[in-house]
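Please construct the entire structure, taking both the sequences and the accompanying hints into account.
Read off the chains here:
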Amino acid sequence: MSAGSPQRIAVLGYCQADGLGDALTRICPQAEVKAWRIGVLDQQVKTDIAAELGRFDLIVSQVKDPNPSAILNADRLREKHRNVVFFPTIIFNGFQPDCIYLRRGGQQVVGALRHMHSAIIAAAFSLGLPQARVARLFNAATYQALGYFDAFAEACDFMLRTLSAEGLDVAPYIDEWRRTDGCFMYTLNHPHMCVLARVAHLVAARAGLVDQDSAVPDDIPDALSDGLHWPVYPEIARRLNLPVGPVVFRRPLHGQARPEEQTPDLPTVIAGQYATYAEIGRAEIASAVPKRILQGLEAALS
Amino acid sequence: MTNPYTGRPDTAFWRRSMSARPVADIDPVTSVPFTIGEQEPVATAGSCFAQHIARTLVRRGFSYLVTENPSSEGDSLARGYGVFPARFGNIYTARQLLQLFRRAYGMFDPHDVAWRRPDGRYVDPFRPQIEPAGFDSAQAVAAELEVHLAAVREMFETCRVFIFTLGLTEAWESRIDGAVFPLAPGVVSDSQDDADYAFHNFSVAEVEADMLAFVDRLRKVNPGVRIILTVSPVALMATYEDAHVLVSTTYSKAVLRVAAHAVSKLRQDVAYFPSFEIITGPQGGRAMYEEDLREVRQSSVDHVMSIFARHFLDASRGGATPPAAGPAARARDRSVLEQEMLEAQGVICEEEELDRA
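Residue numbers (the numbering used here), protein chains in the order written: chain A, 52 to 353; chain B, 11 to 367.
Hints listed in this document are in silico derivations from the structure and should not be mistaken for laboratory results.
Just so it is clear, the structure is predicted and the values come from calculations on it, not from any experiment.
Check the hints yourself; a few may be wrong.
What the hints assert, rightly or not - Here are the computed distance ranges between Cβ atoms for each label pair:
{"hint": "1", "chain 1": "A", "residue 1": "Pro341", "chain 2": "B", "residue 2": "Glu251", "range": "56 to 62 Å"}
{"hint": "2", "chain 1": "B", "residue 1": "Ala150", "chain 2": "A", "residue 2": "Thr231", "range": "32 to 38 Å"}
{"hint": "3", "chain 1": "A", "residue 1": "Thr314", "chain 2": "B", "residue 2": "Pro80", "range": "55 to 61 Å"}
{"hint": "4", "chain 1": "B", "residue 1": "Ser316", "chain 2": "A", "residue 2": "Asp226", "range": "45 to 51 Å"}
{"hint": "5", "chain 1": "A", "residue 1": "Asp316", "chain 2": "B", "residue 2": "Val257", "range": "53 to 59 Å"}
C-beta atoms are modelled at their ideal positions from N, C-alpha and C, and glycine is treated no differently.
Quick look at the structure:
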């Protein structure tokens, strides 16, 4: 594929697919780009997408289904298509190490912040701590005990390793993202557009669609910015030389929250999570909380 | 075997370093593991004597950290603002210090939240004198506590040097959860159940363990902090042991002194400063004390602090070492703090309440 030929690019992924599609559209203005977020699609739709992929010159996929024979799995697509680029969903919890998913019986627990949960609140509930005590646990000693201060370095390492395994080297750009955006993640798996745009540019350059030294647009609309914003806790922000602000969450703009409920503070989130967990039960929540968090908090409290 | 003392410095010999020297020239500090730069935020805590260290740092232009400030001007000093970095009042025992840390970080949630005074007002059991007028309600005490503990956390996390003066081994603790108070409940309140509280006189092992636990925990939130330990030369106001107060004082100071030594040997960058020896050594005699043989004369304090400054304060270091954390850390305006300090007529000391008995 050369820069002069017509290009049709398919993007398959989850929550990052639309952003990657938007980025590729701007980076390769001559190309036709179509993005699918396949996470919530039923099997028939996935089958239809698979059938449509034959008309694309390049397939960019983040799909890694636990079932290797799943129809849109990158490995399976490679059997049929010549030009498939896979890289995993970008996960980076260095800024918000407390932000986790909770799974119960294979299903995600939906609570005050929809699918995202504070590990500290979930662990505190699991340990039977009264709700009134939980806000005080949001401090440097707890973060240290839970390894949150090491999370940034670990997250950098994880992101670099998982992307470089697919031939994408973002090591030179982490400092740039910190410089332009500060905290460059909204949640652990919602990157700012600067991250998606850079990865899209690397993919496009590797496919020969753009010169690798060409500029990456910095004005691409950032669809993920409408989603949940998880705060960088002050003690962590200080260590990362980021602006220090209050612990206020921002619910997704496309959700059902009333304006006064759009930006809950920590006590509100604690109350919401506790109410959700009370309906489920301590044992089940405890089994869903990562053991390192549960044991770390228990040790810190002893 | 050759004489192992040959070649040892003069300070190793009593005759050369004590007997033959004027009192003013006796300096028992032989070396220090670190110095304090002018711009480095310093926090102090401990018994009454710790307040003298705070004032010296301010007077000499060093950066004394204050993280809890009044919302309005007025009788802020009487209300415990600026006496220490945060309004925790005097901390007499190692256990009290460790528990302050654990309370600040949500690791310990004591049963005792507020005590009612005989006049119907409420006090914080862990700092009963920070509001002389008391609080309206137990809820008001609890509400104020959140602000206070946030300031305590900020102090622990932003100081570069933490100076703690060990004061007592005798304490009163809760039978319910082991909470240790600066004063016996009955000294402050007449509404607490006697059965819920017990007297405890800490051992060397307990003080050492508590101090080590504190140092280790502090370093987890502030890895670079340096620590100076001192032992207060101020005698017990009263003892609850069946012993003469002089005997109890000697036990208490001996325990604290041994524990301070052990901690300074077991942990890096923990220094021991011998204010206790400077005041209580035979070179000073009773001239170091006021007529009551308990309060340390201001001239004695000045002498102690001049030795402290000689060894630990290094203005030339300036801001060579940046504070541990960013914008939240703030050293209060020195002139304001100094003025407030100078206005202090005396050291605020919960222990003095015992004399009302």
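Verification of the supplied hints:
1. Pro341/A - Glu251/B: 56 to 62 Å: Since the Cβ atoms of proline 341/A and glutamate 251/B sit about 50 Å apart, the hinted range of 56 to 62 Å is violated.
2. Ala150/B - Thr231/A: 32 to 38 Å: Since alanine 150/B and threonine 231/A have Cβ atoms about 46 Å apart, the given range 32 to 38 Å is violated.
3. Thr314/A - Pro80/B: 55 to 61 Å: 30 Å Cβ-Cβ, so the 55 to 61 Å window is violated.
4. Ser316/B - Asp226/A: 45 to 51 Å: Roughly 48 Å apart at Cβ, these two residues keep to the hinted range, so it holds.
5. Asp316/A - Val257/B: 53 to 59 Å: 55 Å, holds
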